[in-house]
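The listed protein sequences derive, respectively, from chains X and L.
Mind the numbering: the first sequence is residues 2 to 173 in the working numbering, read in order.
Mind the numbering: the second sequence is residues 1023 to 1561 in the working numbering, read in order.
A few of these clues could be false.
[As the list claims (entries may be wrong)] Below 27 Å or equal to it, Euclidean Cα-Cα: the simulated DSS-like pairs (lysine-lysine) are: (1) L:K1388 - L:K1452; (2) L:K1253 - L:K1279; (3) L:K1090 - X:K87; (4) L:K1502 - L:K1253; (5) L:K1253 - X:K90; (6) L:K1096 - X:K170; (7) X:K87 - L:K1116; (8) L:K1279 - X:K87; (9) L:K1116 - L:K1480.
Keep in mind that the hints were calculated from the coordinates and are not lab data.
Predicted, not measured: the structure shown is a model, and the values here were computed from it.
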Amino acid sequence: MSKALSRRSFLKVGVVGGLALATAGSIYRLVRDPETPRRFVLDERTRNVLAAVAPVILTGALHPGSDDVQAVIERIEGAIQQLPLKVQKEIQDLFALLTLAPTRRFLAGLPDDWRIAKQEEIAAFLQSWRLHRIGMLQTAYHALHDLVVGPWYADESTWASIGYPGPIKELS
Amino acid sequence: MNTNPIPDPIQAGLASGWNVIDASALDANRQFEVDVAIIGTGAGGGVTAEILSMAGLKILLIEEGPLKSSKDFKMREAQAYPELYQESAARKTKDKAINIMQGRSVGGSTTVNWTSSFRTPEDTLHYWQKNFGLQDYAPQALAPWFDQMERRLHVTPWAAAPNENNDLLRRGAEKLGISTAVIPRNVNGCWNLGYCGMGCPTNAKQSMLVTTIPAALSRGAVLLTRTRAEKLNFKGDRVDSLSCVAISADGLAPSGKTITVRARHYVVSGGAINSPGLLLRSNAPDPHRILGKRTVLHPVVLSAALYDHKVDSFAGAPQSIYSDHFLNTDAIDGPIGYKLEVPPLHPLLISATLSGFGEHHSHLMKRFANLHAIIALLRDGFHEQSVGGTVELRDGGSPVLDYPITDFVWDGIRRALLTMVEIQFAAGAKIVYPVHELADGYTSWSSAKKAIEALPYKPLFTRVVSAHVMGGCTMSDDTKLGVVSSTGRYHGVSNLSVHDGSLFPTSIGANPQLSIYGITCRLASMLAQQLTGKPAPVL
Ligand SMILES: Cc1cc2nc3c(=O)[nH]c(=O)nc-3n(C[C@H](O)[C@H](O)[C@H](O)COP(=O)(O)OP(=O)(O)OC[C@H]3O[C@@H](n4cnc5c(N)ncnc54)[C@H](O)[C@@H]3O)c2cc1C
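Chain X extracted, bound-state conformation (with noise of 0.2 Å):
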């Protein structure tokens, strides 16, 4: 590929990905929820995002196929709601775009949809975001990165596998 053709397709993306991240957003939020959303409720689509992405972030620390997914998405689901509104709104925007087919594709790079999707599918996925020439979906894979490790390691459940005692059991 030539240097100009890989410019102007990383333009054409560029316009694209930032349209579609609005219009996804905008598209989703008028489908799911005629009223302006306060409080994000994952829905059915989102948690499948979350069962197929989850175990391949956390790859060697979740049993994939086990109580360990639905654990996860719970406590991510907490800490989203814990969120300031605004932020909400963003990561309902994100869960719209990787829930809705054409983005999936054309975005994530994700031929099906989440529930049959490979492991190597969805980490080459997570890379492909993670490094990023648009910083808006690198700035996705972070959200996604600190929104599965964070509240799965602050559950006292997963402390003896990282060999952390937690606080002094007399004051917590």
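Model the placement of chain L with the ligand on the given structure of chain X, informed by the hints.
This is chain L with the ligand only, laid out in the frame that chain X set:
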């Protein structure tokens, strides 16, 4: 079952009849008339409240966060961050490239800070005198104010042995001939637990929550919690009133009730970002368009490392050793310098901070107890290529900081990563992980050095964080350079002051709390004298 053996001065004070109103529970709008309204209960607001209430003035304290106390401080991140921090400890700059930690509860950031207590470095004060016309800010002129606050808050060098996390910094630096020293801390009867960032469960930390604020409340000051100062209403050259909104109990949205405050004088102590935010929302006079500018961060980068032995970086006084070597190697206005310290490591924050995902990440987390980290705090604001960021308002009026990281600052970030990694190897690290999305774990100093020199330095590739937001309401008697005078008075408004970290024209070059305590102690004493016509009380 309450088995907590620690006496809780807040609960005792409430029982004794303190006038504290949780606005989330208000069922009607309210109005207050007082001598002085203080917005924010952190370092600047706390000190101001104690001094003005000692002077006999009727004080109203307005705090957006909740009133929490030792009985609530359970040393759990999942609970502490949403309850005690701005934006659940996930505040970010506009481009989301820098994570910002600031407090949001009674006591402000002092309720959650790590207790390191440094006086303002002399070269910083000289720089202010020379470049911002702050003639009164000579080290010897400020010394009595630092003395006063050090006594009040029990600031003394940490006398116990440093924990292993800190001692690794000391040992590694020593091997390389880099000098370190012991950090003074504002604690009294510290249990050496290591959970300062989640609120002190034993009330040893001499934060505003257990010192100045209780003192003010015992003298009859009124405290409104879950109350956000929304807008100062100007009439001529005066603030006529202050409009506030009550916030819901979960802290996320206005409850619908409003509070109107009339005062003789108003003191803004909301901290950096928030104070300029309030003043911008209020259309405060700003003829030279400098309000919100020069917001500085001490941008922080970090390097993690694994050792063969346990480090237990979560246990023990979080910060007790530092090095100013790299602040002193170049001139203050030369290539950017940095202070070296260590952060306490707790599972939520460190898991989010460590880059990468999958096996790479979980492998590191499994060895959490053997993990050590050093942080470098870059001294921003002293060079024309490091002028800090700008506070802007989003739709809806909340403030956000736009802080572009310049090449000048990136150069410092690269040098700081090199320094930290070299120290970690010198201290015996087996694998070192400079926190950068394209960095690996390195097993030798030479391979790490080569890699760090070749890494790209741009936003979102290196984790950059800050717990030291300063500036935005620059202090200078030259109205072209600052919005606030050297006495803390807002230029062009006769009854408005700013008393917090937003005053600083540059970063401090040391953890800022004692700078805020000492400087606002002086400003509040002058204000007390002006408002009462009597000599100011001494703390
Ligand atoms: C995790 C952490 C660790 C730190 N460690 C250290 C350390 O070891 N040593 C050190 O020197 N410094 C440390 N700091 C920094 C230090 O605590 C702060 O610099 C200092 O407390 C700032 O004081 P301030 O008065 O400017 O604002 P703050 O202490 O942040 O207080 C501002 C208060 O105002 C409230 N407020 C803001 N806007 C409004 C509004 N519109 N209406 C009502 N209320 C409002 C906020 O909720 C907050 O409670 C640390 C900070 C953090 C977050």
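Taking the hints in turn, this is what the structure says about them:
For the hint linking L:K1388 to L:K1452, the alpha-carbon distance of about 15 Å falls within 27 Å, and the restraint holds. Annotation: proposed proximity of L:K1253 to L:K1279 holds, straight-line Cα distance about 15 Å (limit 27 Å). Between L:K1090 and X:K87, the direct Cα distance comes to roughly 25 Å. Compliance with the 27 Å bound is thereby established for this hinted pair. With a C-alpha separation of about 24 Å, the suggested pair L:K1502 and L:K1253 falls inside the 27 Å cut-off, and the hint holds.
At most 27 Å may separate the alpha-carbon atoms for a hinted pair to count; L:K1253 and X:K90 meet this at roughly 25 Å. At most 27 Å may separate the alpha-carbon atoms for a hinted pair to count; L:K1096 and X:K170 meet this at roughly 9 Å. The straight-line distance between the Cα atoms of X:K87 and L:K1116 is roughly 13 Å, inside the 27 Å bound, and the hint therefore holds. At roughly 21 Å between alpha-carbon atoms, L:K1279 and X:K87 fall within 27 Å of each other, so this suggested pair holds.
A hinted pair counts as satisfied when its Cα atoms are at most 27 Å apart, and L:K1116 with L:K1480 qualifies at roughly 15 Å.
In summary, the structure agrees with every hint in the numbered list given earlier.
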